[in-house]
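Chains as they are written, first to last, in numbering that gives the first Met the number 0: chain W, 0 to 93; chain C, 0 to 487.
Honestly, the hints are just simulated from the structure, not real lab data.
Don't take each hint at face value.
Stated by the list, open to error - Below, simulated SDA-like cross-link-like pairs (lysine to any residue); rule was C-alpha separation at most 25 Å, straight line:
no., chain 1, residue 1, chain 2, residue 2
1, C, Lys107, W, Arg61
2, C, Lys393, C, Asp252
3, C, Lys414, W, Ala55
4, W, Lys66, C, Gly230
5, C, Lys414, W, Ile17
6, C, Lys92, W, Met75
7, C, Lys92, W, Lys66
8, C, Lys393, W, Ala55
9, C, Lys92, W, Asp20
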Amino acid sequence: MTQTTTVRDVAELARLTIADDDVDKVTQEFNQTLALFDALTTVDTDGIAPMVNPCAESQPLRPDEVKTLVNREALMQNAPASEQHYFLVPRVID
Amino acid sequence: MTFCYETIEGMRGKLASGAISSVELTRESIDRITDLNPSLNAVITVNEERALDAAAKADVARREGNSSPLLGIPMLHKDIFCTQNMPTTCASKMLEGFVAPYDATVVKRLNSAGMITLGKCNMDEFAMGSSNETSHFGACKNPWDTARVPGGSSGGSASAVAAGLAPLATGTDTGGSIRQPAALCGITGLKPTYGRVSRYGMIAFASSMDQAGPMARTAEDCALVLEAMAGADPLDSTCSDQVVPAYSSHLGDCVQGMRVGVPKEFFANDLNSAVAETIEASLKELEKLGAKLVDVSLPSTSLGVSTYYVIAPAEASANLSRYDGVRYGYRCDNPSNLQDLYLRSRTEGFGEEVKRRILIGAFTLSAASYDQYFMKAQQVRRLISQEYEDVLSKVDVIAGPSAPNTAFALNDSSKSITDMYMEDVFTIGANLAGLPAMSVPAGIVEGLPVGMQLIGRRFGEVDLLRLAHQFQQRTTWHTLTPTMEERH
Numbered sequence: 000m001t002q003t004t005t006v007r008d009v010a011e012l013a014r015l016t017i018a019d020d021d022v023d024k025v026t027q028e029f030n031q032t033l034a035l036f037d038a039l040t041t042v043d044t045d046g047i048a049p050m051v052n053p054c055a056e057s058q059p060l061r062p063d064e065v066k067t068l069v070n071r072e073a074l075m076q077n078a079p080a081s082e083q084h085y086f087l088v089p090r091v092i093d
Numbered sequence: 000m001t002f003c004y005e006t007i008e009g010m011r012g013k014l015a016s017g018a019i020s021s022v023e024l025t026r027e028s029i030d031r032i033t034d035l036n037p038s039l040n041a042v043i044t045v046n047e048e049r050a051l052d053a054a055a056k057a058d059v060a061r062r063e064g065n066s067s068p069l070l071g072i073p074m075l076h077k078d079i080f081c082t083q084n085m086p087t088t089c090a091s092k093m094l095e096g097f098v099a100p101y102d103a104t105v106v107k108r109l110n111s112a113g114m115i116t117l118g119k120c121n122m123d124e125f126a127m128g129s130s131n132e133t134s135h136f137g138a139c140k141n142p143w144d145t146a147r148v149p150g151g152s153s154g155g156s157a158s159a160v161a162a163g164l165a166p167l168a169t170g171t172d173t174g175g176s177i178r179q180p181a182a183l184c185g186i187t188g189l190k191p192t193y194g195r196v197s198r199y200g201m202i203a204f205a206s207s208m209d210q211a212g213p214m215a216r217t218a219e220d221c222a223l224v225l226e227a228m229a230g231a232d233p234l235d236s237t238c239s240d241q242v243v244p245a246y247s248s249h250l251g252d253c254v255q256g257m258r259v260g261v262p263k264e265f266f267a268n269d270l271n272s273a274v275a276e277t278i279e280a281s282l283k284e285l286e287k288l289g290a291k292l293v294d295v296s297l298p299s300t301s302l303g304v305s306t307y308y309v310i311a312p313a314e315a316s317a318n319l320s321r322y323d324g325v326r327y328g329y330r331c332d333n334p335s336n337l338q339d340l341y342l343r344s345r346t347e348g349f350g351e352e353v354k355r356r357i358l359i360g361a362f363t364l365s366a367a368s369y370d371q372y373f374m375k376a377q378q379v380r381r382l383i384s385q386e387y388e389d390v391l392s393k394v395d396v397i398a399g400p401s402a403p404n405t406a407f408a409l410n411d412s413s414k415s416i417t418d419m420y421m422e423d424v425f426t427i428g429a430n431l432a433g434l435p436a437m438s439v440p441a442g443i444v445e446g447l448p449v450g451m452q453l454i455g456r457r458f459g460e461v462d463l464l465r466l467a468h469q470f471q472q473r474t475t476w477h478t479l480t481p482t483m484e485e486r487h
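Given only the sequences and the hints, what does the whole structure look like? Please build it.
Right, here's the structure in full:
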């Protein structure tokens with residue numbers, strides 16, 4: 000059974016906050032989902048290579064050439080805060 | 000005269016003969032969206048002015064001799080595809096107001112084919128859901144009964160096509176998100192082979208399973224659209240360079256002797272008995288077409304749900320780490336420092352189901368759990384994929400139900416989170432194995448549509464489409480339409 004402290008730690012790693020009022024419910028749902036995964040433990044997977052994706056073909060390679068694919072101005076228009084082509088964030092170093 | 004329930008093929012004929020113009024078709028679709036969308040919430044962005052302008056241009060092009068099969072046909076995109084000059088939100092507060100600086104390859108190709116984009120469809124937030132209830136813009140409704148869900152995640156696309164708002168909508172399918180809503184809304188939907196259609200500009204959920212496909216009234220329409228959507232793309236390295244067949248030219252190919260595998264696990268306890276009877280009757284229709292039914296077994300079917308719900312959230316937690324409130328998307332008010340900006344932007348910007356999956360994904364990818372969950376699920380994925388390959392070495396197509404039930408009620412509090420995940424029990428296998436699969440209308444149970452699922456070999460879309468097309472020549476389920484009240 001995963002504890003609330005673990006769920007809080009994972010949330011912090013994922014940069015999410017769980018409100019104090021919600022933590023018990025989130026932990027309960029978390030454990031409910033993990034219980035669904037128990038069935039996997041019954042499967043013998045010794046010597047089975049993990050399947051990362053279903054591509055049968057090898058991935059093509061292309062020459063490493065610099066290309067302009069998108070308009071920088073258009074990209075920057077979606078930034079919540081920017082200045083002179085830079086994204087603005089709160090001060091990082093005091 | 001109304002054309003709202005015409006197929007693409009039907010509209011194409013009328014456009015070619017001059018019986019109707021693209022502007023008239025587009026106008027009718029927009030009027031219908033205006034009338035019916037308030038009760039359906041299937042469309043979240045309407046592109047009226049540009050659509051009418053594009054339709055006028057298509058009419059000119061036709062007069063000048065352009066005979067492209069999709070020229071001037073109106074359609075909708077799931078709001079997961081990036082569109083220049085129109086918002087792309089993935090039905091999330093996180094992307095409210097986001098306008099992509101480029102078109103997704105799917106959008107670009109259908110534009111090039113002359114299709115008219117009417118707008119963008121509602122969906123489950125970031126494609127995470129099976130009911131379209133997780134959308135930031137509110138739940139979408141099923142036109143067969145507006146107290147019920149249309150399925151998900153491509154619920155808006157399915158609802159829109161079923162209600163006659165457009166003859167086609169694009170969808171995406173990571174664990175059943177084209178097929179389950181197609182089944183619940185009584186339309187035809189195709190999830191192509193992984194790698195058949197480019198994922199460039201399609202907002203990522205679980206990159207090893209996401210695939211785009213058409214949602215339409217008939218297999219014939221799906222064939223026409225897939226021809227335009229599919230094919231190699233230098234902007235997606237997982238997109239195959241295998242030649243795209245002329246799917247619509249093979250619809251009449253003989254299905255006599257085609258071997259159709261019926262997995263016993265698809266008819267187990269999870270399946271509603273009335274849905275089971277409907278699918279069994281449809282299988283008999285396939286037999287009448289000359290197909291040979293073969294009993295097969297996919298013993299790991301129930302393990303698929305566990306496998307998928309480890310892998311998809313793990314990939315999602317990595318993919319959704321890009322939403323940090325810095326470069327695009329939602330940013331919280333007055334962040335006190337960078338950590339606060341990340342934490343509050345993500346906590347306020349994502350909905351509950353998305354956060355639930357990010358948490359599970361971050362957990363199964365963490366060093367302490369990786370082998371127990373993520374690695375194990377990837378190994379089981381290979382076993383499941385091998386089961387499908389083994390069966391498909393003996394039969395040409397696998398057939399069964401698309402979903403265990405018909406459309407369920409909105410806000411059904413009796414359904415737990417994991418009950419909802421079980422909605423995908425029959426569809427997930429094709430995503431884990433990367434196989435093409437369709438849902439075709441197969442009957443009505445208590446006034447609600449039922450879908451039959453057909454699963455094919457890798458790049459076996461030709462087999463699926465011709466079997467589905469010939470089934471639709473014998474049956475009329477795909478021609479049934481819901482009764483919708485209109486203002487005029």
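Hints the structure violates: just list their numbers, smallest first. The structure breaks hints 3, 7; every other hint is satisfied.
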